[in-house]
Amino acid sequence: MLGSSEQTRVIHIPMFKTSLCSLLIVFLLSVVSSSFGQVKVLSFEEFERQHLNAEGDTLFVINFWATWCRPCVAELPYFLEAEEEFSSDEFKLLLVSLDFKTDLDLKVKPFLEKKGIGSEVVLLDDLDYNSWIDKVSEEWSGAIPATLFLNPEKGIYIFKEGEYEKEILLNQIRQLL
Amino acid sequence: MKSVVLILSIFGLLGSFSAQAGYEVGEVVNDFSLKNIDGNQVSLSDYGDAKGVIVVFTCNHCPYAKLYEDRIIELHKTYSAQGYPVIAINPNDPEKVPEDSYENMKKRAKKKGYPFVYLFDDTQNVAKDFGATRTPHVFLLEKAKVKYKVAYIGAIDNNPQSAESADQFYVSDAIASLDSDQPVKVTNTKAVGCTIKWK
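Residue numbers (our numbering), protein chains in the order written: chain A, 1 to 177; chain B, 1001 to 1199.
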């Protein structure tokens, strides 16, 4: 009895390892594909809970943009450069698309793919702008691009409406890190 | 001499800050004169008979301005007969966005058959005076004796994508209030739009 159970174990352990390996591969593949193709669609309440009310000692840089907004598209590379330059422990970039939800597959995903953008992107799906713009910042008129710098633990909550120049953005981030 | 320069520069700074802030609801609006797409100058003071004016900062290129274009035409058709015509103003620098040049304004207005004046704010001073920040950006003015004062600032309604899906009609509601001598309930709204392309 004992021998057979030992034998079973000997047979099963490599099988277990194989299945664990394949599970890991599937998991890794899904992580890679999600970072490129997936854009979470959030209501304002979800966005507020998950991002505006985030916790921790990290500088969250939240950029509000849209594929149709020329100055937004022009400044996006600077945010991507910042993401490359600063470590992910102390810096986290979030791109908040204000495109219509109906344009997600038509415009937003093809845009991200074309530009090779693998950063975290969410689509904020709430067209009743007047109900939430002030909750992001009372300084925001609603024009985009607009950017929020947020470090919950350090009490940083800085909002800026308008387009960034590369060096001004990078300096702003360096100052806040 | 230095102190004079200092004082002047302080005033200069204050001036630029106040220009940026723009009019608030209840404030009296300065007269302005801008070139219409037909080549004629149009002033606010030309609208002596109106009960109010729907000033809309808008432009050719901005997708949000385009989405609201038909609704701006409808506003004029509905309310000019009631004494509230639309004055559309393009404040964008055509150096930044060639699509918003004076020539292209004419083309756009002709193509869409704008029933309202479409003025070019080439110095951008009117947009600065108003404190306009985006397109489209509405300032509903009401006649106060001789001058005009601001009654409402913000969006036309609460759904840019589809007029049918909107369920709050800020400009129409404000005009209805003015017309029945009631206070305007919602005097300021915010909306996503394109930044004004400053020089």
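Hints were generated in silico from the structure; no laboratory data involved. Hints should not be assumed to be uniformly reliable.
[Unchecked claim] When the alpha-carbon atoms are kept at most 16 Å apart in a straight line, the in silico EDC-like pairs for lysine to aspartate or glutamate are as follows:
id, chain 1, residue 1, chain 2, residue 2
1, B, K1199, B, D1070
2, B, K1199, A, E163
3, B, K1111, B, E1164
4, B, K1096, A, E163
5, B, K1128, B, D1038
6, B, K1149, B, E1164
[Said to hold, decoys possible] Listing some non-contacts, in silico: residues in chain B with all C-beta distances to chain A over 12 Å:
id, residue
7, K1106
8, G1131
9, D1157
[Stated by the list, open to error] Partial list, computed: chain A residues near chain B (C-beta under 10 Å):
id, residue
10, D128
11, S141
12, A143
13, N151
14, F159
15, Y164
All residues carry an ideal CB built from backbone N, CA and C; glycine is no exception.
Quick rundown of the hints versus the structure:
Taking the CA atoms of K1199 (chain B) and D1070 (chain B), the gap is near 28 Å; set against the 16 Å cutoff, the hint is violated. The straight-line distance between the Cα atoms of K1199 (chain B) and E163 (chain A) is roughly 14 Å, inside the 16 Å bound, and the hint therefore holds. In summary, the hint linking K1111 (chain B) to E1164 (chain B) is not supported, as the alpha carbons are separated by about 24 Å, beyond the 16 Å threshold. Taking the CA atoms of K1096 (chain B) and E163 (chain A), the gap is near 13 Å; set against the 16 Å cutoff, the hint holds.
Restraint check for K1128 (chain B) and D1038 (chain B): the C-alpha separation of about 24 Å exceeds 16 Å, so the hint is violated. About 31 Å separates the Cα atoms of K1149 (chain B) and E1164 (chain B), which puts this hinted pair outside 16 Å; it is violated. K1106 (chain B), annotated as away from the interface, keeps every beta carbon of chain A farther than 12 Å; the closest lies near 22 Å. A cut-off of 12 Å between C-beta atoms contradicts the statement that G1131 (chain B) is not in contact with chain A; the least separation is 9 Å.
The non-interface label for D1157 (chain B) is inconsistent with chain A: the shortest C-beta to C-beta separation is roughly 10 Å, within 12 Å. Contact between D128 (chain A) and chain B, as hinted, is supported at the beta carbon level, the nearest pair being about 5 Å apart and thus within 10 Å. With 10 Å as the threshold, the beta carbon of S141 (chain A) comes within range of chain B, its nearest partner Cβ sitting at about 4 Å, so the hint holds. The interface hint given for A143 (chain A) is met, as the beta carbon of that residue sits about 4 Å from the closest beta carbon of chain B, less than 10 Å.
Taking 10 Å as the C-beta cut-off, the interface hint given for N151 (chain A) is violated, the closest approach to chain B being about 25 Å. The interface hint given for F159 (chain A) is broken, as the beta carbon of that residue sits about 13 Å from the closest beta carbon of chain B, more than 10 Å. Checking Y164 (chain A) against chain B by beta carbon gives a least distance of about 12 Å; that is not within 10 Å, so the hint is violated.
Checked against the numbered hints above, the structure violates hints 1, 3, 5, 6, 8, 9, 13, 14 and 15; every other hint is satisfied.
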